[in-house]
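Student: Chains as they are written, first to last, in my numbering: chain H, 2 to 328; chain S, 13 to 291; chain W, 20 to 411.
Hints in this document: simulated from the structure, not taken from any laboratory. Some hints could be false.
As the list claims (entries may be wrong) - Residues of chain S placed beyond 12 Å of chain W at every Cβ, according to the derived structure:
| no. | residue |
| --- | --- |
| 1 | Asn68 |
| 2 | Lys101 |
| 3 | Ala197 |
Unchecked claim - If you want the footprint, here are the derived chain W segments under chain S, 3+ residues with CB under 8 Å:
| no. | stretch |
| --- | --- |
| 4 | 249-257 |
| 5 | 346-353 |
What the hints assert, rightly or not - Derived Cβ-Cβ restraints for the label pairs, each shown as a range:
| no. | chain 1 | residue 1 | chain 2 | residue 2 | range |
| --- | --- | --- | --- | --- | --- |
| 6 | W | Thr190 | H | Phe7 | 51 to 61 Å |
| 7 | W | Ala145 | S | His136 | 24 to 34 Å |
| 8 | H | Val68 | S | Gly45 | 52 to 62 Å |
Fair warning: this is a prediction, and the values are worked out from it, not measured in the lab. Positions of the beta carbon are idealized from the N, C-alpha and C atoms, including for glycine.
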Amino acid sequence: MSLETFIDLTFTGLVVGAIYGLFALGYTLVYGVLRLINFAHSEVFMWGSFAAVWVMMLLGGRTGMGVLPAIGLLLVALVAAMLVSGGVALVVERLAYRRLRAKNAPPLVALISAIGMSFVLSEVMGLRDRIAGWVGLREPLAPYVEKARENVSFVNPLQSVTLFSISGFQVRSTQVIVLVAAIVMMVGLDQFVRRSRLGRGVRAVSQDPEAAALMGVDKNRVIQLTFLLGGLMAGAAAVLYLMHIGVTKFNVGFILGIKAFTAAVLGGIGNIRGALLGGLVLGLAENYGSNIFGSNWKDVVSFLLLVLVLLFRPTGILGESLGKARA
Amino acid sequence: MPELTTDDTSTGAPREFGPPLLSMEAVTLRFGGVVALNDVSFDIRQGEILGLIGPNGAGKTTCFNALTGVYQPTSGQVVFDGRPLGNRKRYQINRLGIARTFQNIRLFQNMTARENVLVGADSHHRAGVVNSLFRLPLHRRETADGNRLADELLDLMDLGHRSEDLARNLSYGEQRRLEIARALATKPKLLCLDEPAAGFNPVEKQRLMDLIRRVRDLGNTVLLIEHDMRLVMGVTDRIVVLEFGKKIADGLPSEIRNDPAVIAAYLGVDDETDEEETP
Amino acid sequence: MSTSATSARPTRPARRGLGDRWAALPKPAKIVVWVLVALLVYALPLLNPPILSTPDSDFGSVMFTVASYALVALGLNIVLGYAGLLDLGYVGFYAIGAYTVAVFGSLHGKVPFVLLIVLAVCISTASGLLLGAPTLRVRGDYLAIVTLGFGEIVRLVFLNTEWLNAARGITNVPRPPSLDLFDVPQLQWSGFTATVDLGTQSTFLKFGLLDGIPYYWLALTVIIVVLVADVLLQASRVGRAWEATREDEEAAELNGVPTFRYKLLAFAMGAFIGGLSGALYAARTGVVNPETFIIQLSMLFLAAVVIGGQGNRWGVLLGAVVVAYLPERFREFAEFRVLAFGLLLLALANFRPQGLLPPRRARRAKAAAQELEELEHSGAASGDTKEGGIRA
Chain H
2 MSLETFIDLT
12 FTGLVVGAIY
22 GLFALGYTLV
32 YGVLRLINFA
42 HSEVFMWGSF
52 AAVWVMMLLG
62 GRTGMGVLPA
72 IGLLLVALVA
82 AMLVSGGVAL
92 VVERLAYRRL
102 RAKNAPPLVA
112 LISAIGMSFV
122 LSEVMGLRDR
132 IAGWVGLREP
142 LAPYVEKARE
152 NVSFVNPLQS
162 VTLFSISGFQ
172 VRSTQVIVLV
182 AAIVMMVGLD
192 QFVRRSRLGR
202 GVRAVSQDPE
212 AAALMGVDKN
222 RVIQLTFLLG
232 GLMAGAAAVL
242 YLMHIGVTKF
252 NVGFILGIKA
262 FTAAVLGGIG
272 NIRGALLGGL
282 VLGLAENYGS
292 NIFGSNWKDV
302 VSFLLLVLVL
312 LFRPTGILGE
322 SLGKARA
Chain S
13 MPELTTDDTS
23 TGAPREFGPP
33 LLSMEAVTLR
43 FGGVVALNDV
53 SFDIRQGEIL
63 GLIGPNGAGK
73 TTCFNALTGV
83 YQPTSGQVVF
93 DGRPLGNRKR
103 YQINRLGIAR
113 TFQNIRLFQN
123 MTARENVLVG
133 ADSHHRAGVV
143 NSLFRLPLHR
153 RETADGNRLA
163 DELLDLMDLG
173 HRSEDLARNL
183 SYGEQRRLEI
193 ARALATKPKL
203 LCLDEPAAGF
213 NPVEKQRLMD
223 LIRRVRDLGN
233 TVLLIEHDMR
243 LVMGVTDRIV
253 VLEFGKKIAD
263 GLPSEIRNDP
273 AVIAAYLGVD
283 DETDEEETP
Chain W
20 MSTSATSARP
30 TRPARRGLGD
40 RWAALPKPAK
50 IVVWVLVALL
60 VYALPLLNPP
70 ILSTPDSDFG
80 SVMFTVASYA
90 LVALGLNIVL
100 GYAGLLDLGY
110 VGFYAIGAYT
120 VAVFGSLHGK
130 VPFVLLIVLA
140 VCISTASGLL
150 LGAPTLRVRG
160 DYLAIVTLGF
170 GEIVRLVFLN
180 TEWLNAARGI
190 TNVPRPPSLD
200 LFDVPQLQWS
210 GFTATVDLGT
220 QSTFLKFGLL
230 DGIPYYWLAL
240 TVIIVVLVAD
250 VLLQASRVGR
260 AWEATREDEE
270 AAELNGVPTF
280 RYKLLAFAMG
290 AFIGGLSGAL
300 YAARTGVVNP
310 ETFIIQLSML
320 FLAAVVIGGQ
330 GNRWGVLLGA
340 VVVAYLPERF
350 REFAEFRVLA
360 FGLLLLALAN
370 FRPQGLLPPR
380 RARRAKAAAQ
390 ELEELEHSGA
400 ASGDTKEGGI
410 RA
């Protein structure tokens, strides 16, 4: 492996890994508070990606715009994706979890409920042409709903330029933006959970729901907040993913969701900083692995990593906890 | 099973007991920085009813968990029937001959009373997939034996009329007794009861004392953790007292009653506190 | 202490449902009924009953699909319904069974069919043991994700291994040996009058390309064998151990149940049946392709078990029929089937987690709880307090 390839693999691995980490936050937050795997989180991401694509189409984003309008458009797309993902995450909480929580249902039932929710969310997107047809909007919405089961491209209005190069490897602006944005978002979330009053509530519930309730923390509000935060981050991850990869699809969430979950487990599920670390490690492992075994085996590498981590260190690299380590 | 001898007046006179069945040998258990058990040693002798008492948080249940293999001692060892428990798995410890009930009832709620007891009886059965699939003689013999044992134990525990009801539909007292029946079905040498009278009224307690004696008279050794001093004093042959993870006394009920250390430990604790532990 | 409980025991109301009357039948009568039902089910694709029959696709082939889903559901039911292990990668075993038949029967060997089936179940069972031995120690929800990963890995390995023909898949998978004994005519319906259609005949046990009926008969026979084994096993020490483990693993362990061993057993038996079903699938279609074994198939299998009622063998059979048959019967809605199952899973988890046809225990428990509730109400009305010992 040449030095150039190595740097290439490392850098793109970090970029993809940061996206995984951002996506993984939703799994980690919800697991920290509810001790449940939110299987439908993958579709929260997918809906955010479509929101970004549609907003960009609506606002007429195209390559070769001026830099400032392009950045403006991207920011609008980012906000739209975060809002849609946050909203979908709240819907997931409301429809798939709240009733079961009230009944104290076993975790497997909650998992099945989330699997059902995940089917519904991805199929509604995959059948959007049909559904638009039922309400007579298929014609007017044609550019948005046609070819519902195929890849949809995201137009990135911001042209990617080479910033500098390290021993032959060219560092592109988009990659740097994605990496920096993902890390900034994560640090922001970490600080929010650590320092704000709402964040304290999240930590309190995750450490001892009973005691938190006795101290006057509204558990339902905290849980909604957790889903919302996870959703917002997934929406942001979706936009960064689109900037990096360029296409999305109604079932894009499935594989990516498993990878983000792997990232969460790798770093220690329930641990916010662990999600970032897990994401980066996974991104690197995937890239190095695909270089060694061939790119076809990329997904096998990440699945194997997941299985191995669950078997040998189920608490992950940093251990399970939201905020602080628990005994 | 031998004839039941309901010997209700046997509490007073000291009885003769066999060699130690189980020995706690300098057992220490730490969780992180907390020392839950500190160098605890005592024996349980064959055929006796040993009471394990102590104020809240004294380490009774921890001690119980150490000797049923739920926790591994940090140092020291538990020797049962001449063999150290070591790092045997929990089901293997059960098969050595230690059975237990739980402070908060843990029955198989969606199985019938009979099935609960049968699960216990199955611990000394051997029929596997092949025997079960082809209904070979071993399966048939064990099924018949298991059901006979279940009938006997359910009758012993006054549950004969409830055998086909789901465990969850039994009353609280019935569930407690079903747990004892399930534990007995594993044919233990040592039966460990973790606060079996929690939540019982005086009449029920009296009947429970009779039951425990009957179980002992059938040849079992019994370890009893109990809060209710009257029950412990009335039914046990010997008592071990724990406080803050340490053994502070070990002797006949009459001796324990007058032991200054025990009185000090229990000072301010009413004899009648028979309620469940409050956090 | 039990007196009040005893006296509170009601005289059961004289409610004689179908179940009671069935239970009262003498054993020979029951056997006769069972045999008649089985014969009817065998004959279904020949009878082509008007409402049941699928207008858009060959009814015999549809019935084979239904039967293979039913077989898979029975296997997954042992894992999920009996032992309580959520396996999201069940398709992996199905794929391994199918590929074993294809690889050793066509691509890299000419092993005789019966041996192929034996080989298929051996390899899938072994893979179940290999996967289960390390993973069954992890927490339940982690197990779900590990198995999900396993299912994907199996597909990706098939997709990327040149020795297994990679994405091209394998063709010319051997069919079961034919007997060619006699022809059986089918019924043809116009409205509700039937005529014997001598034009389309099914040759008794000719395993060809077009006629799905012999495959259906084969699969149905396997199902009956598995069902009988399932009944025998559930009502045995093994079944009790599974149930106890599912109810309370620690209590089971402390009462002498080697829970890990029984979980592994359930996992292996599930893999066995999954592999068998995959092998039959490969033999029927004659082709295997990695794209057949996508993880969504696992989800459909799961849907069959959960919809029908995990833990009840008749429930999961019903679930398999719902999942496999309805989309074929109502072809116009086929593209909505995943959406429909998603909605159904969501609704069932929230409103009826025990499934359409819950296990007898759950029903018994519910009936008993209702009874108790009624008693409590009437008791409260007459000022009769519950016994003193009750404390939640």
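Student: Work down the list of hints and note, for each, if the structure agrees.
Tutor: Going down the list of hints, with the structure as the test:
With a cut of 12 Å on Cβ distances, asparagine 68(S) stays outside the contact zone with chain W, its closest approach being about 18 Å. Distance check on lysine 101(S): its Cβ comes as close as 7 Å (rounded) to a Cβ of chain W, failing to clear the 12 Å threshold; non-interface status is violated. Not every Cβ of chain W is farther than 12 Å from the Cβ of alanine 197(S); the closest lies at roughly 8 Å, contradicting the non-interface assignment. Look at the stretch 249-257 of chain W against chain S: 5 of its residues bring a Cβ nearer than 8 Å to a Cβ of that chain, three or more, so the hint holds.
Counting residues of the stretch 346-353 of chain W whose CB lies closer than 8 Å to any CB of chain S gives 0, which falls below the minimum of 3, so the coverage claim is violated. In this structure the hint that threonine 190(W) and phenylalanine 7(H) lie 51 to 61 Å apart at CB is violated, the actual value being about 42 Å. For alanine 145(W) and histidine 136(S), the Cβ-Cβ distance of about 31 Å falls inside the hinted range of 24 to 34 Å, so the restraint holds. For valine 68(H) and glycine 45(S), the hinted distance range of 52 to 62 Å is satisfied, since their beta carbons lie about 58 Å from each other.
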